[in-house]
Each structure stands twice: as structure tokens, then as C-alpha cells.
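S.K.: Residue strings, one per chain:
Protein chains: 2
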Amino acid sequence: MDLKRMGNQTVVFANPPVILSSHSVVGPKEGQGPLGKTFSRVWKDQLNGEKSWEVAESKMLQEAMQGAISQAGVPKDHIDFMLAGDLLNQMISSNFAARQMALPLIGIYGACSTMALGMALGSMLIDGGFAQYVLVGVSSHHDTAERQFRSPTEQGTQRAMSAQWTVTGAGSVLLGRSGKGPRITSATLGRVIDFAEKDVNNMGSAMAPAVADTILNHFHDLQRKPEDYDLMASGDLGAVGLALAGEVLKQSGIDMGTGFTDCGVMIFDASQDVHAGASGCGCSSVVFAGEIMRRIKVGELKRVLLVGSGALHSPTSALQGESIPGIGHAVVIEA
Amino acid sequence: MDLKRMGNQTVVFANPPVILSSHSVVGPKEGQGPLGKTFSRVWKDQLNGEKSWEVAESKMLQEAMQGAISQAGVPKDHIDFMLAGDLLNQMISSNFAARQMALPLIGIYGACSTMALGMALGSMLIDGGFAQYVLVGVSSHHDTAERQFRSPTEQGTQRAMSAQWTVTGAGSVLLGRSGKGPRITSATLGRVIDFAEKDVNNMGSAMAPAVADTILNHFHDLQRKPEDYDLMASGDLGAVGLALAGEVLKQSGIDMGTGFTDCGVMIFDASQDVHAGASGCGCSSVVFAGEIMRRIKVGELKRVLLVGSGALHSPTSALQGESIPGIGHAVVIEA
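So the sequences go chain by chain: A and B. Just so you know, we're using the UniProt record's numbering here: the first sequence kicks off at 1 and counts up by one. Just so you know, we're using the UniProt record's numbering here: the second sequence kicks off at 1 and counts up by one.
This is chain A alone, in the form it adopts within the complex (with noise of 0.2 Å):
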């Protein structure tokens, strides 16, 4: 299957819906890493006091955008909508931490790629009219994941080299019509991308397709290249990912040189032991509203490319044989 463009993915906004505020918390290992110091909030353990991983994650997704409230100083019966979405089945991270929010709830799906879709859907939602204020958080949590997805962690599977760790954490931002902060300008929705990638221990690899077509149609879209950018980050492809969307983007003609990276790279550093990096909705939620977030505003960023990228299978696909279908969405961001 070859890397098609296919028309216009591309949405560019009127009137760009600003970034008010973000807040990110995370959990322990994260909280050690490189980028330890730009988290919001690092919870001393997995739990935090509660009584299961997946209620803690839960809460955690909630502090995040309770914060991300706060920060913006946005009384909270102004927002018009919440857009959450999370790894768990039923999405019960978000619809718990909504049951709490007491806000109109939108959920969203999109595997990793979820926070990038968020701030696309919340930008349209403000830009088109809808909204004055869009509350966006999404959330991954390293043992919910483990359990639900792969093996009890009680039993200490051993993890192959090209496999990723999920982040435990918790990232949101509230967007606004108008205010101080970086504006998304423009969003490119992705398509879902499958090249048959089936090895469950290699999700960059079943992703990288998918961002690299979503990038593709972004720069056809606009009329751009990657020198128009300061940064381009994916969202999570890890190493393995993203020397191989590299690469794909490289046989359409593309090379999008030393400003591509990618978040599951950016937050863990080699002594972590996590292999080819990490993943989970919560990890570009987390470098995004942390780290970039952070370089945009002392200056050191002026055009930032987000390319969220998901994984759309299941354990029941993936155990019927189904190959691993990809998906990536891209959020412009400028200071």
C-alpha cells in the first residue's frame, strides 16, 4: 500500500482558539525522567492512596484538567464542553473523571493519538462558533494498561526491545476564543493507515504509515515543508516509529531532517530501561502540555507540529489475527 494524498485533511482556522492554560501530572518513573522538572504534579506512587490503578488513573485525569482550570483562572461554569478520552475499555477513566467535571462531555477515541484529536475537535468546536472555553484531557496509566492489554504485571513478562512503556499520566489544556497563550492555527485529521504490522511488541511500526500519510497530506494541504516548522513531534512512536516514518516520508520525497521527534523518545531517558520508548494517550498529553508547551513560551518555539498517533487495535483483534490499523492526527501550534 502505498502513501496516497488525498485531497484536502486539512482544516485552517479563522480566528485560532488559544491555549489558555496546561497542566500535566505524572507518575514516579516519569517524574525521574529527562523532562521531570516540566510535569506539573509528580505523584510519589502509581496509586496516589487510592484503592485500584484504574480509579487512580481516573483521579489523576481529573487533577490534570482541574489544574488546567486553575491555571487559566476560567470559572469552571464557562466552559461550554469537555473532550476526554483514555486507553481503558468503556473509556472509564474519562467518564468517571466527567462524572466528577459535571461539564457536557464529548468522548473521543483515538488510541495514543488522542490529545492531538481533542485539540483539533476542541479548535473546530471554538473557531465554528460552538464554544467559548473547550476543556481537553486525556490520560494513560503504565499498570491499567499492563493488565488490560498484556499480562498481569505480577507476572514480570519479559518486554521485547521494540516494545513500549505506557505512560502513567495525565495531560490537559482549556482552549479559549481568545486570551494569551500559543493559538492551534490549523488541524490535519488522519486517516487509518494499515501495513499489516501484526507484532502487538512493535506499535511504532504499525503507527509509522499512519503518521507519516497524516504528514504527508499536512504539507501538501498548506503548501509546506519541514523547514516551516521548529519542531515536529509524533506522539508515540518511539525509536523504532519513528526511524521508520522517517524513513517512509523519505521514499515519498519528504526528508524531514533534525526536527523530528517524538514524544515516546523525549521522555524517558536510556537508563529507564523502557526499549524502544514510550506510549499511551497520556505521554503526548504530558511532553505537549509540559516540555513544548514550555520552550514555546520562553521563545525558543515558534511553529510547533503535533502528529498524535494511535494504535487501533484491541487484544480480541489481535488475538482473531487482525493486523494493527494506525492513525495519525496533526495540531498546528504557534506562539
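To be clear, the hints were calculated from the coordinates, so they are not data collected in a lab. Some clues are possibly wrong.
Because identical chains cannot be distinguished in the list, a pair is counted as satisfied if it fits within a single copy or across any two copies.
Stated by the list, open to error - Each computed SDA-like pair below joins lysine to any residue, with the alpha-carbon atoms no more than 20 Å apart:
#	residue 1	residue 2
1	Lys76	Asp221
2	Lys51	Gln320
3	Lys250	Pro226
4	Lys37	Ser323
5	Lys51	Pro315
6	Lys297	Ala335
7	Lys51	Leu319
Following the hints, put chain B in place on chain A, whose structure we already have.
M.R.: Quick look at chain B alone, frame taken from chain A:
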């Protein structure tokens, strides 16, 4: 917990999007029910030649979406976005259908409220100026749901009288900025409401307060009353939940009268042994795409309120002792 009016949860469309076509595909039991003749296609069995129920469900959704496209006569590459969701873990029915459709995908999750959520969101994307055409489709399948949420079907577990029968069905509508057909004139997005119902065999009761909350806010926001609608259909509360929603609304001063019914009550009759009625994303989508659209087209119904209702729990949250949060999303359709 009392129901409270939130402020303004309702968006009104300046140029109401048009429902250009609607398509429904159902299983044999649904075909034998009172609405059998209103569906676009009835499968002879639950597998339709596929190797698993999960693959069959995804194919059914694809068939419904392709059907909506063909019926409208719109070239597929003119469609800007595909909005889809289902009940399966990680929404594999939708994701694998989207792999075949090759359209930019926005994955949405609202359990059984997903069709109404998709119609609301799709209308915002069109009226907001981001799309000319949006394809919305959702599905559920009795056997994929039974083995994922309840017990192996082979076990033949006795069902509670308050339990609902998950519909095997997929419904789809193609929305357009202009053209012939009924229009979506407004939408009320719901917030999560939880009255502490814990019985997973009584989801109608768990969802009823959320439906009542959304209807209450809808009437308040638009200064309307039940008499302003020819039909108000929730989907899917079943008989137990429908009675309860009416009761909750009566306590809030609203008598819904005889125009209030439920898609889960309409689709099967007493002889079909479904106990409290039907449920599943597919139910309200095929009842809307079939019977309700038929009655609008022949001029029987001028203004309809469709209130999708979702139970936002998972087997994991239920096993952990959590109650079942509900949500209701409403759209108004006018001839």
C-alpha cells in the same frame, strides 16, 4: 442528587445541516420485529459469512456507511470526516470499518448515545464551516456485546427482567451542508449523571436520570415544552428506564405526555422475549435511520427530539464496585 439546570448546554445551528440519507443494517431478530420492514437490509444470520462476530459487526457498520453514501449519491472523496463509534473495547468495529472507508476518522464514544453524539458533532463541523459532508455511523452486535460485557453466550445464563437485549445493527446518516432532507436544527450535549445505580442488569435505571437531565436542560435552553415535539425518543432506556425518566421529569415539573417513547421499546415486541427492551449503539441508530426517518419523510412527524442515552461503565468498573454513570445527548430533527 437533584437535577439542576446547568446554564446553556444547547447549540442552535445557523444553517441547519441536512440528513441527505440514512441506512440501516440489522440482524435476523431485529428483522422479525415490528420495525422489520423499515430497515435497509436484514442479515439472515449473525455472522453473514464472516469468521467471527466481531468481524461481522465491523462489516455491518461498513455496509451501513457505504449504504448511506450510495443512497445520497455523493462521491466518497467529497466526504470530509467520518464519525464512528461502538461498544467494543478500543472501538474495533469502527476502527476496522474506517480502515476500509479510507476517510479521515474522528472516533467518538458515548456508549448507546453515540449516534446522537455523532449527529450533534457532525452538525457542528458542518455548520462551523469545516465540512461539506460528514458521515456518521455506529454499530452494536448482540453476540460481541454478550461475550464482552456479560457471559459466554453458550452458557445460556438466565437474564433479569430489567435487562435489555443488545441490538445487532448498524445505522448511518450522511449529513450535508445543503440538499434535500430533514435538518438537524439544534443539539443539547449531556453531562455525566450518576444516581448510584449499581445493577448492571438494570442499565435503563442507570441512564434515566441523565436522559431526564438533558431533556430538562434542552427545554430550558430553548424555552420549549413537550408539546413542541411530535415525537421524543430516547435511545435506549427500555421499558424500565423510560418509565423512570418520565417519573424523574414529572418531579421536575415536566409532564412528557404521550409523545415520549424509546427506541429500545419500539424495536422488539412482547413476543420476542427481550424483557425490558433493547439497547446497544445500533438500536437508536437503526430505529432513527429506519422508522423515524420514514415517518418524517411521509410527513407524519415535523419535529423530533432524539435523546441518545449511554451507560458509561465497564465490566472492570462494575467489578470494582463502582456505580454506573449515565449520559444523554439530544438532537432536534425537523422536516
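S.K.: Now look at each hint and say whether the structure bears it out.
M.R.: Going through the hints against the structure:
no. : hint              : in the structure
1   : Lys76 <-> Asp221  : between (36 Å within a copy, 19 Å between copies)
2   : Lys51 <-> Gln320  : between (33 Å within a copy, 9 Å between copies)
3   : Lys250 <-> Pro226 : within (12 Å within a copy, 60 Å between copies)
4   : Lys37 <-> Ser323  : neither (38 Å within a copy, 37 Å between copies)
5   : Lys51 <-> Pro315  : between (25 Å within a copy, 17 Å between copies)
6   : Lys297 <-> Ala335 : within (7 Å within a copy, 50 Å between copies)
7   : Lys51 <-> Leu319  : between (31 Å within a copy, 13 Å between copies)
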